[in-house]
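There are 2 protein chains.
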Amino acid sequence: MINKLISKIQKTNAPIVVGLDPTMKFVPEYIKKAAFAEYGETLEGAAAAIWQYNKGIVDAICDLVPAVKPQIAMYEQFGVPGMKAFQKTVDYCKEKDLVVIGDVKRGDIGSTSEAYAVGHLGKVQVGGSRLAGFNEDFVTVNPYLGSDGVKPFLKVCKEERKGIFVLVKTSNPSSGELQDRIMAGEEKPLYELVGQQVADWGAECMPGSGTYSYVGAVVGATYPEQGRILRKMMPHTFILVPGYGAQGGKGADLVHFFNEDGLGAIINSSRGIIAAYQQEQYARYGEQGYAEASRAAVMEMQKDIAQALEGR
Amino acid sequence: MINKLISKIQKTNAPIVVGLDPTMKFVPEYIKKAAFAEYGETLEGAAAAIWQYNKGIVDAICDLVPAVKPQIAMYEQFGVPGMKAFQKTVDYCKEKDLVVIGDVKRGDIGSTSEAYAVGHLGKVQVGGSRLAGFNEDFVTVNPYLGSDGVKPFLKVCKEERKGIFVLVKTSNPSSGELQDRIMAGEEKPLYELVGQQVADWGAECMPGSGTYSYVGAVVGATYPEQGRILRKMMPHTFILVPGYGAQGGKGADLVHFFNEDGLGAIINSSRGIIAAYQQEQYARYGEQGYAEASRAAVMEMQKDIAQALEGR
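First to last, the protein sequences are chains P and H. If you use my numbering, the first sequence corresponds to residues 1 to 312, in order. If you use my numbering, the second sequence corresponds to residues 1001 to 1312, in order.
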């Protein structure tokens, strides 16, 4: 799957992943109205609205980008109907041949991580049958419980030819509280230690061909200096970079997340794309044109990053 | 909700939480057979089986214990039908007046943690309505992203009078890889730093009456020495202690997780209770008596812990 991601990045010339993180305030009024008319102001109504909203965006951008990243929390907040909308979104994006990164940030003790791995990337045994639960291509994984919480994911990835992105240095303001702490003796921050683990796991998880492992890392665009260090420490690791646009970074700030080959990173934008019509710059599209506004915002982002990479 | 948990612990004399972590191999054949006859070997069939299995256990133990802790991964592995079984389990346990601790180990950047908090403990805004998604009483939270990933949970807890348990020192073998690292300058391991944060958050989160905050901690029974240190550092923190029985600990090893008042800890057992009928000690109950076997195992555990607390 990492090789599919890379070939799609090359084909689209867009190392971009669109974060499908719908909230009710992003969904155009006319979509909410229609959904509430059918299902009432219920969780089902909300789920119908975010699914319609997502579908419009996916249809508008699927030829421009290699991948999407639905943030499961935004669906989980609507309970079971929300989870159905998540599943529908994953399935639809896969139909459109997009690589789907489930931003689930799961992680638990070994046997429990195995259940998450099976549920999101693999197949669960039910009697004599093996069945897929959510079936993303990649998921994000939280490393706080150590390697026996991560390894079950690696096992399933190997079997299913899928991949993970491990949280190393997250994009939020307080990420440093634990992640930047310097370890005694090593004189290194915690995130470097996790980065080294990711590189080590990755060395055992190279697909048959290609130079990137299917064990990636999450490093926030908001921390360019740490990104530079980690890029060097993990030469065969693909970096998923959240925090473009709304959270801060621009293309020029992000070039050092990439390797010399122009690969090795994929930049996420969520609300900057999916709620583009709410920004002044794209206001002319109006609510009805929200999907076209998203398409325009993707093209703008593609240009910004391509220029930055050419210009370095 | 922390005060409800405490009063139920006192009433039952059982600082015990039963982990509802169903896997297909725990579910008696006759239950699987009936579920597959109705739904086939499908995710729906698996979900029906685990729900029936859970219901039997809950009916058998609900008068003996204050709380249950469904591990969401065990449901999530069965996709959307599994999530429905999770919700049904949560709702049923609340009907039986059990305190429900959703073992979800969520944690993300601020705005996303808010969605998790709302989805599991609070109410989400849909048009003019505010609706509950999964509606547990407590959830477990992963602290790797720092305080802006935890604070949205605190906000919702305050509004809804609910609570959280933050992962501090987990029960698994590799938990030390990050959690035991010594921080330069402070000469303290990472888990103590997180423990201190939990105590600090808790100081702002005391319910109107009572001596325990609604910000708890998870500390594995498998690490008694760390438990002793953390117990002292966090006097007003309730500790959720996984790892009894199957993972190792016995009552006598766990007394130092409790305060002098005999409170301050709640011990989890999962497979030791829910799959008791598969152990030699309870084999006489047979498959058909799996729920009664669970009841017997709870009574045994209650006695073990009560004796240990009396004997200290």
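Since the hints were made in silico from the structure, they are not lab data. By construction, the Cβ of each residue, glycine as well, lies at the ideal position given by its N, Cα and C atoms. Any given hint might turn out to be false.
The calculated DSS-like cross-link candidates involving lysine-lysine, where the alpha carbons are at most 27 Å apart (straight line), are [said to hold, decoys possible]:
#1 H:K1123 - H:K1155
#2 P:K188 - H:K1188
#3 H:K1025 - H:K1004
#4 P:K25 - H:K1188
#5 P:K88 - H:K1011
#6 P:K232 - P:K25
#7 H:K1004 - P:K151
#8 P:K123 - H:K1232
#9 H:K1033 - H:K1004
#10 P:K25 - H:K1033
Some residues of chain P that are not near chain H, with every Cβ distance over 10 Å (derived) [said to hold, decoys possible]:
#11 S171
#12 M299
#13 L309
Examples of chain P residues lying across from chain H (beta carbon under 8 Å, computed) [claimed, not checked]:
#14 G127
#15 S129
#16 L178
| query | Are there hints from earlier that the structure breaks, and if so, what are their numbers? | reply | 3, 4, 5, 6, 7, 8, 9, 10 and 11
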